[in-house]
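K.L.:
Here are the chains, one letter per residue:
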Amino acid sequence: MMNANTSALGIVFPNSYDALVPDLVNVRLMASIPFASRYRLIDFILSSMSRCDIDNISVMVNNNYHSLMDHLGSGREWDLVRKNGGLHIFPPFVEKSAKPYTGRVGALANILDFLRDEKEKYVVITDTNIVANIDFNDMIKFHIESGADVTIAYNEQELPESLVKNQSNDLGYYYTFGLEKGRIRKIYVNAKDTGIQNFSMNMFVVEREMLIDLINTAFVRGQEYFERDVLLPQLNKLNVQAYKYEGYIARICDMKSYFDENMKLLDDYNLDALFSGGPVYTKIRDDNPTRYIEGAKIQNAMVADGCVIEGEVENSILFRGVRVAKGAKVKNCILMQDSVVEAGANAEYLVMDKNVTITAGKDIKGAPTYPVYIGKHKTV
Amino acid sequence: MAKEMIAMLLAGGQGSRLYALTEKLAKPAVPFGGKYRIIDFPLSNCVNSGIDTVGILTQYQPLVLNEYIGNGQPWDLDRLYGGVHVLPPYQKASGSDWYKGTANAIYQNISFIERYDPQYVIILSGDQICKQDYSDFLKFHKEKNAEFSVAVMEVPWEEAPRFGLMVADKDDRITEFQEKPKNPKSNLASMGIYIFNWDILKKYLEEDEADPKSENDFGNNIIPNLLRDNRRMYAYHFNGYWKDVGTIASLWEANMEILDPEHSGINLFDEDWKIYSRNSGMTGHKISAGAVVENAMITDGCRIKGTVKHSILFAGVKVEKGAVVEDAVVMGGTVIKSGATVKHCIVAENVTIGENAVVGAMPTESENGVATVGAGVCIGDNVKIGPDAMVRNDVEGGEE
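Protein chains in written order, with the working numbering: chain A, 16 to 395; chain B, 3 to 402.
It is worth saying that the hints were derived from the structure and are not from the lab.
Just to be clear, a hint being listed does not mean it is correct.
With a cut-off of at most 25 Å between alpha-carbon atoms, the simulated DMTMM-like pairs for lysine to aspartate or glutamate come out as follows [as the list claims (entries may be wrong)]:
id, chain 1, residue 1, chain 2, residue 2
1, B, 307, A, 85
2, A, 134, A, 283
3, B, 311, A, 283
4, B, 307, A, 309
5, A, 279, B, 322
6, A, 312, B, 259
7, A, 136, A, 160
8, B, 320, A, 325
9, B, 307, A, 160
10, B, 339, A, 282
11, A, 341, B, 80
12, A, 279, A, 327
13, B, 307, A, 282
14, B, 320, A, 309
15, A, 298, B, 171
16, A, 312, B, 329
17, B, 311, A, 329
18, B, 311, A, 325
19, B, 320, A, 287
20, B, 311, A, 282
21, A, 346, B, 322
22, A, 298, B, 264
23, B, 276, A, 287
24, A, 344, B, 264
25, A, 391, B, 273
26, A, 298, B, 272
27, B, 323, A, 94
28, A, 298, B, 273
29, A, 341, B, 296
30, B, 320, A, 282
31, A, 312, B, 264
32, B, 339, A, 283
33, B, 307, A, 287
34, A, 344, B, 296
35, B, 276, A, 160
Here are a few chain A residues that sit away from chain B, every Cβ distance over 12 Å (derived from the structure) [to be verified]:
id, residue
36, 82
37, 85
38, 132
39, 156
40, 197
Cβ atoms here follow ideal geometry from the backbone N, Cα and C, with glycine treated the same way.
Build out the structure end to end from the sequences listed, making use of the hints.
P.N.:
The following block contains the structure:
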């Protein structure tokens, strides 16, 4: 274990904001959504943590988590097979008196005994719908130096349209901050403001002992959401500091942003920015390199291993094991693992989930503003 | 608990005919096929054949190989009992020796083999590109009630004098062994892959060790001794793709053959016989607008802005705008700067090819030998490296 004064354990919420991308989480959850040609969203968080020597990580799965369990395995790919710490997966703990939790308070209340037994001084808590390259050590340092009780990461950006337009709260809560010299004085829930906001990334650093106290109290009071129910009413009492993240960030807020954030990585500048922090680890598939056969035409594309390309590919992201047959044209598409575009077919503005096949000669098109999604294992 | 068969993989050879490529690493560690090293083939064959215990005999420049093998996890060879073990020569209470020959390398590790109490031992070599089912080989060995079996390939008669040849009767029983003969009596070339009954192997290793005149080599000593004693020796016919990649030309050729799996017979897209390797962990490769990619194998981390034709690129290779890569094998981390031409050559890992430099066949010529650039070398801007060249050190200007 590293320096006991700065050591932290990680807690990851893989189901947060599932409701924003109902198609993509139909057979999985937010954390296991494929991203950037060979990764799943959770890879970015786990790799960031792993790089910061956070090697005691708990993943609080709630539902649809088969794909994630399969992806994580023993945690070996992220160097999380450890005698002390390592990867823990906590499914909802079902007992007669327990009801399913909705917010972080209920989930954390379920693992209080675990938290009490651990040794790390700090806890880092995060969702998985944000793709970034976070230096958690820097955030912990900031937390210690600022004397905060709780530190929350945020970035400055406009609120995504999909969140602003939505009038109900049934897609979950998001938060913006009113700051005073870095201290959070106001937390706004589901704000509809335009212009640049201090937009919460829902990543926390808090001392383990304090977290246990806060959760204990909140749970007894029947509170659900950590920001809304625990922090918001206590902003005068607790020193809640805002940690400004200025690195590369991709937020998955709906199908459109999923599509756009993938496509943004076709720009070398963005790609380098996201991966500059070090390697991002993922489950290994042992594919062979991608093969481009005579006659293939490829322009502006990001391609993983295991593909065979005979046709034309332009402005697209291809995951592992994709086949593009002779005479097929793929333009502005995201093709997930093992999807196939058969001879002479035409695909434009599509998000094809795993194992989708577009049969020979078909012509399927979405629009730039509305990429069409085709569900897992479907044949068109 | 006994194992039916364990594998001993001879990986100590220097591979001196690969020159610059094996200056800092042993031949089995030489990169191959875009994301593999040569040793991935025998190791994957073992796992795919159900062999879970492999001893790797190393001697020459073992650092890269040791690190690459690690705990054997990429090949699923991290086992509680068995798994992969790297076996360098070691100091003993009385007398310590380098591995004097292939047989001596096994002899020095008799105690390793005995830990697993195997019935059979398969001897593999770490310098061949081949997908082979060793369990089928073992089945043959058992069916023939053999004491020793050797995998053989039919080679064209005119090439036969270059090989160790097995002369066998109709029942595949070996009657004679000819090492690189002028007048071959057979065209069955030994692939250097043997299955022994362990008791027989141990007996002959001990006998061989006691003979001061022996070269302690399987081909020169052990096999002739087995023949002398009229042991039950059989030749197992293998018909698949097999390539000894001991020379620059054959290594280049074997890489190029991957680009034509339909005709050459080496298919890496085989879900039923995967070749495993240690992963680079890089992001998917990127092909920019304006790039030309034809008939190529490209893997993670590559960034292509120039032209790549009929070539194999390893992880993290960068081909800048206006650069041309053709008929080339370019290993991991190499950067080919704008305007450079890389043709008909092997470029090792982490090489920088300067702007407008030319490596390999000059544009106007054809039918040249393969040029080779060693790992970490820097080729300056505008430098010209001719065909057949062997570059081990940085070149700042001029022609070679």
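K.L.:
Now, for every hint given, state plainly whether the structure supports it.
P.N.:
Results of checking the hints against the structure:
With a CA separation close to 36 Å, the supplied pair residue 307 of chain B and residue 85 of chain A exceeds the 25 Å bound. In summary, the hint linking residue 134 of chain A to residue 283 of chain A is not supported, as the alpha carbons are separated by about 41 Å, beyond the 25 Å threshold. Restraint check: the Cα-Cα separation between residue 311 of chain B and residue 283 of chain A comes to about 22 Å, which is no more than 25 Å; the hinted pair holds. With a C-alpha separation of about 18 Å, the suggested pairing of residue 307 of chain B with residue 309 of chain A holds against the 25 Å cut-off.
For the suggested pair residue 279 of chain A and residue 322 of chain B, the alpha carbons sit about 21 Å apart, so the restraint of at most 25 Å is met. Of the supplied pair hints, the one linking residue 312 of chain A and residue 259 of chain B holds, its CA atoms being roughly 22 Å apart against a limit of 25 Å. Of the pairs offered as hints, the one joining residue 136 of chain A and residue 160 of chain A holds, with about 15 Å between alpha carbons and a cut-off of 25 Å not exceeded. A hinted pair counts as satisfied when its Cα atoms are at most 25 Å apart, and residue 320 of chain B with residue 325 of chain A qualifies at roughly 22 Å.
Taken as a hint, the residue 307 of chain B and residue 160 of chain A pair is broken in the structure, with Cα atoms around 45 Å apart against an allowance of 25 Å. For a cut-off of 25 Å, the pair hint linking residue 339 of chain B to residue 282 of chain A stands: about 20 Å separates their Cα positions. Proposed proximity of residue 341 of chain A and residue 80 of chain B is contradicted: the alpha carbons are some 41 Å apart, above 25 Å. Taking the CA atoms of residue 279 of chain A and residue 327 of chain A, the gap is near 20 Å; set against the 25 Å cutoff, the hint holds.
Restraint check: the Cα-Cα separation between residue 307 of chain B and residue 282 of chain A comes to about 12 Å, which is no more than 25 Å; the hinted pair holds. With a C-alpha separation of about 21 Å, the suggested pairing of residue 320 of chain B with residue 309 of chain A holds against the 25 Å cut-off. With a C-alpha separation of about 51 Å, the suggested pairing of residue 298 of chain A with residue 171 of chain B is violated against the 25 Å cut-off. As the CA atoms of residue 312 of chain A and residue 329 of chain B are separated by approximately 18 Å, the hinted pair is consistent with the 25 Å bound.
Among the hinted pairs, residue 311 of chain B with residue 329 of chain A is consistent with the structure: their alpha-carbon atoms are about 19 Å apart, no more than 25 Å. Of the supplied pair hints, the one linking residue 311 of chain B and residue 325 of chain A holds, its CA atoms being roughly 14 Å apart against a limit of 25 Å. Of the pairs offered as hints, the one joining residue 320 of chain B and residue 287 of chain A holds, with about 13 Å between alpha carbons and a cut-off of 25 Å not exceeded. For the hint pairing residue 311 of chain B with residue 282 of chain A, the CA-to-CA distance comes to about 24 Å; that is within 25 Å, so the pair holds.
Proximity of residue 346 of chain A to residue 322 of chain B is assessed by CA-CA distance (about 24 Å); at most 25 Å being required, the pair is judged to hold. At roughly 30 Å between alpha-carbon atoms, residue 298 of chain A and residue 264 of chain B are farther apart than 25 Å, so this suggested pair is violated. Distance check on the hinted pair: residue 276 of chain B and residue 287 of chain A sit about 31 Å apart at the alpha-carbon level, beyond 25 Å; violated. Taking the CA atoms of residue 344 of chain A and residue 264 of chain B, the gap is near 24 Å; set against the 25 Å cutoff, the hint holds.
At most 25 Å may separate the alpha-carbon atoms for a hinted pair to count; residue 391 of chain A and residue 273 of chain B meet this at roughly 21 Å. Note on residue 298 of chain A and residue 272 of chain B: the hinted pairing holds, with a Cα-Cα distance of about 20 Å set against a maximum of 25 Å. For the hint linking residue 323 of chain B to residue 94 of chain A, the alpha-carbon distance of about 37 Å lies beyond 25 Å, and the restraint is violated. For the suggested pair residue 298 of chain A and residue 273 of chain B, the alpha carbons sit about 17 Å apart, so the restraint of at most 25 Å is met.
Restraint check: the Cα-Cα separation between residue 341 of chain A and residue 296 of chain B comes to about 13 Å, which is no more than 25 Å; the hinted pair holds. Note on residue 320 of chain B and residue 282 of chain A: the hinted pairing holds, with a Cα-Cα distance of about 15 Å set against a maximum of 25 Å. Restraint check for residue 312 of chain A and residue 264 of chain B: satisfied, since their Cα atoms lie roughly 21 Å apart, inside the 25 Å limit. Using a Cα cut-off of 25 Å, the hinted pair residue 339 of chain B and residue 283 of chain A holds, with the two alpha carbons roughly 17 Å apart.
Proximity of residue 307 of chain B to residue 287 of chain A is assessed by CA-CA distance (about 15 Å); at most 25 Å being required, the pair is judged to hold. Distance hint between residue 344 of chain A and residue 296 of chain B is fulfilled; the C-alpha atoms sit about 16 Å from each other, no more than 25 Å. For the suggested pair residue 276 of chain B and residue 160 of chain A, the alpha carbons sit about 52 Å apart, so the restraint of at most 25 Å is broken. Every CB of chain B is more than 12 Å from the CB of residue 82 of chain A (nearest about 20 Å), matching its label as outside the interface.
Consistency note on residue 85 of chain A: stated as away from chain B, and its beta-carbon is indeed over 12 Å from all of that chain's, at 17 Å minimum. The beta carbon of residue 132 of chain A sits about 28 Å from the closest Cβ of chain B, which is more than 12 Å, so the claim that it is off the interface holds. With a least beta-carbon separation of about 27 Å from chain B, residue 156 of chain A lies farther than 12 Å from that chain, consistent with its non-interface assignment. Residue 197 of chain A, annotated as away from the interface, keeps every beta carbon of chain B farther than 12 Å; the closest lies near 34 Å.
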